[in-house]
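**Q** Chain by chain, the residues:
Number of protein chains: 2
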Amino acid sequence: MQNAECKLGAFMISKGPALRDQVYSHIRDRIVSGTLEPGRVIVEVELAAELNVSRTPVSNALVMLKERGLLEDDGGKLKVPILKLEDVINLYWCRMAHDGLASRLAAERIGAKDLKQLETYLRAWETPEREDDLSALWVSDLNFHHLIYRVAGNRHLLRFSELTTELVSVYRRNTIRRMTDPTSGTNRSRNDVRAEHEAIYEAIASRNPDAAEEAARFHIRMVIQHLEQADLVIQPEQVGL
Amino acid sequence: MQNAECKLGAFMISKGPALRDQVYSHIRDRIVSGTLEPGRVIVEVELAAELNVSRTPVSNALVMLKERGLLEDDGGKLKVPILKLEDVINLYWCRMAHDGLASRLAAERIGAKDLKQLETYLRAWETPEREDDLSALWVSDLNFHHLIYRVAGNRHLLRFSELTTELVSVYRRNTIRRMTDPTSGTNRSRNDVRAEHEAIYEAIASRNPDAAEEAARFHIRMVIQHLEQADLVIQPEQVGL
DNA sequence: ACTCTGCATTCTGCATGCAGTATTCGCTAG
DNA sequence: CTAGCGAATACTGCATGCAGAATGCAGAGT
Numbered sequence: 001m002q003n004a005e006c007k008l009g010a011f012m013i014s015k016g017p018a019l020r021d022q023v024y025s026h027i028r029d030r031i032v033s034g035t036l037e038p039g040r041v042i043v044e045v046e047l048a049a050e051l052n053v054s055r056t057p058v059s060n061a062l063v064m065l066k067e068r069g070l071l072e073d074d075g076g077k078l079k080v081p082i083l084k085l086e087d088v089i090n091l092y093w094c095r096m097a098h099d100g101l102a103s104r105l106a107a108e109r110i111g112a113k114d115l116k117q118l119e120t121y122l123r124a125w126e127t128p129e130r131e132d133d134l135s136a137l138w139v140s141d142l143n144f145h146h147l148i149y150r151v152a153g154n155r156h157l158l159r160f161s162e163l164t165t166e167l168v169s170v171y172r173r174n175t176i177r178r179m180t181d182p183t184s185g186t187n188r189s190r191n192d193v194r195a196e197h198e199a200i201y202e203a204i205a206s207r208n209p210d211a212a213e214e215a216a217r218f219h220i221r222m223v224i225q226h227l228e229q230a231d232l233v234i235q236p237e238q239v240g241l
Numbered sequence: 001m002q003n004a005e006c007k008l009g010a011f012m013i014s015k016g017p018a019l020r021d022q023v024y025s026h027i028r029d030r031i032v033s034g035t036l037e038p039g040r041v042i043v044e045v046e047l048a049a050e051l052n053v054s055r056t057p058v059s060n061a062l063v064m065l066k067e068r069g070l071l072e073d074d075g076g077k078l079k080v081p082i083l084k085l086e087d088v089i090n091l092y093w094c095r096m097a098h099d100g101l102a103s104r105l106a107a108e109r110i111g112a113k114d115l116k117q118l119e120t121y122l123r124a125w126e127t128p129e130r131e132d133d134l135s136a137l138w139v140s141d142l143n144f145h146h147l148i149y150r151v152a153g154n155r156h157l158l159r160f161s162e163l164t165t166e167l168v169s170v171y172r173r174n175t176i177r178r179m180t181d182p183t184s185g186t187n188r189s190r191n192d193v194r195a196e197h198e199a200i201y202e203a204i205a206s207r208n209p210d211a212a213e214e215a216a217r218f219h220i221r222m223v224i225q226h227l228e229q230a231d232l233v234i235q236p237e238q239v240g241l
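Chains as they are written, first to last, in full-length UniProt numbering: chain C, 1 to 241; chain Z, 1 to 241.
Keep in mind the hints are simulated off the structure, nothing from the lab.
For identical chains, the list gives no copy identity; a pair is met inside one copy or between any two copies.
Calculated cross-link-like contacts (lysine to any residue; reagent style SDA-like; alpha-carbon spacing at most 20 Å):
(1) Lys77 with Thr35
(2) Lys79 with Arg159
(3) Lys66 with Asp21
(4) Lys66 with Gly39
(5) Lys84 with Arg159
(6) Lys77 with Leu19
(7) Lys77 with Pro17
(8) Lys84 with Gly153
(9) Lys77 with Ala18
(10) Lys79 with Arg155
(11) Lys66 with Glu162
(12) Lys84 with Leu158
(13) Lys79 with Ala18
(14) Lys66 with Arg159
(15) Lys113 with Arg150
(16) Lys79 with Ser169
(17) Lys116 with Ser206
(18) Lys84 with Arg155
Small disclaimer: the values here were computed from a predicted structure and weren't measured.
Build out the structure end to end from the sequences listed, making use of the hints.
**A** Encoded structure:
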């Protein structure tokens with residue numbers, strides 16, 4: 001029963017990755033998607049029953065989620081954190097520091113091949129495709145930033161970045177409506193983002209660490225500024241999407 | 001047997017904090033102290049027997065340690081990470097970014113009371129006490145930096161800082177002999193550190209975020225520079241203390 | 001009607017059982 | 001003597017049992 005594949009919510013449990021990791025991913029996704037609303041008390045037994053696994057892997061997964069800040073301990077109970085705009089902004093301040101450092105290090109170390117790849121990701125912004133094809137831009141954006149981290153070659157920095165990204169994905173989902181970095185049709189035009197990315201690229205390409213750091217920081221500062229403006233647009237209802 | 005207090009290695013198990021947290025602390029301390037040498041394979045059963053607890057809380061503690069980078073997964077086995085100077089330096093790069101941001105935010109927000117407290121910690125460096133009373137300086141140093149983080153008021157940033165500090169404490173113990181930030185009788189004089197701290201303090205006191213960030217960054221850059229010099233002094237033997 | 005107390009239910013943390021997997025040691029055959 | 005194979009061992013992951021703590025509900029007393 002457990003060796004073969006079993007229903008796991010709407011998905012299957014494969015026997016490849018450890019069960020606790022699958023459970024981790026599943027719960028994380030439910031938090032991000034809002035199926036587990038902010039403030040919701042997490043009950044181990046419930047999830048175990050739901051996923052047709054025992055409490056053990058669920059318990060382990062919960063420990064992991066807690067360590068990463070995706071769950072928080074509130075009066076002895078584990079809850080999905082209730083997220084404020086302040087938290088998102090605080091996370092973006094961290095990201096500013098991280099991205100700045102990553103760009104600095106990347107500017108010092110990048111090779112011809114990676115530089116070319118970086119340019120490719122940048123180009124995605126130049127093509128004036130259909131306005132609604134945002135997912136492609138989003139992917140390019142992720143690739144762009146991720147490549148910079150990879151080139152920076154600091155595994156601890158990369159880890160911090162990943163933690164931040166994971167948290168932001170939760171927070172964003174539950175606090176802001178349609179307020180992603182690359183999209184944002186309202187205040188922040190696609191061209192703004194493109195120009196900021198281009199500045200980062202140019203600084204890295206010219207191997208100018210100071211300029212690279214500053215460009216990356218500027219980029220994030222703009223995002224933060226945008227977030228603060230978006231304060232007005234926040235939806236107070238945090239349940240569901 | 002479990003309700004009362006039991007032997008836990010050389011210590012006692014209290015019934016206050018959850019067992020897994022006590023086990024976590026114990027193992028972390030053993031990693032930091034070098035009783036569990038870098039490269040050592042961690043075996044759950046062994047630790048459980050040693051601490052007179054079952055495998056369950058040990059397992060949970062190991063998950064936590066892994067999440068925080070104090071253990072790493074190597075070919076399906078958990079090992080105490082083998083640490084290179086490069087890692088310490090990479091961590092200090094992160095710390096530069098974090099401390100810089102914290103100082104910036106602190107400069108924007110600090111109140112009179114905290115400022116006064118910060119000055120107190122700073123003063124500890126001015127008194128030319130006995131040269132060997134380094135622990136007092138070490139404590140002042142910790143307090144100084146920690147207060148800045150507290151004032152900064154960004155809980156995510158604080159968490160990143162704590163993760164970094166925890167990792168550095170491991171790395172330092174096992175790679176460098178007598179190479180702490182405040183001490184360092186060799187290349188880096190106590191006065192250097194004092195001056196750098198004073199610069200940070202002055203910038204924060206004058207509510208100058210840019211200067212505060214730069215002062216903090218300079219401080220860490222000096223530490224990194226010192227670490228790189230210390231490369232020559234590294235002890236290759238990583239086992240034991 | 002309101003409150004206090006006690007019982008039932010629920011949940012979590014820890015212990016332990018069970019089975020699959022990998023590793024190692026020894027035996028046997030070439 | 002060596003190489004290869006098989007069996008025993010060791011370890012981990014998952015399931016489950018057990019007990020203590022908290023929560024809530026209900027009944028009784030004021």
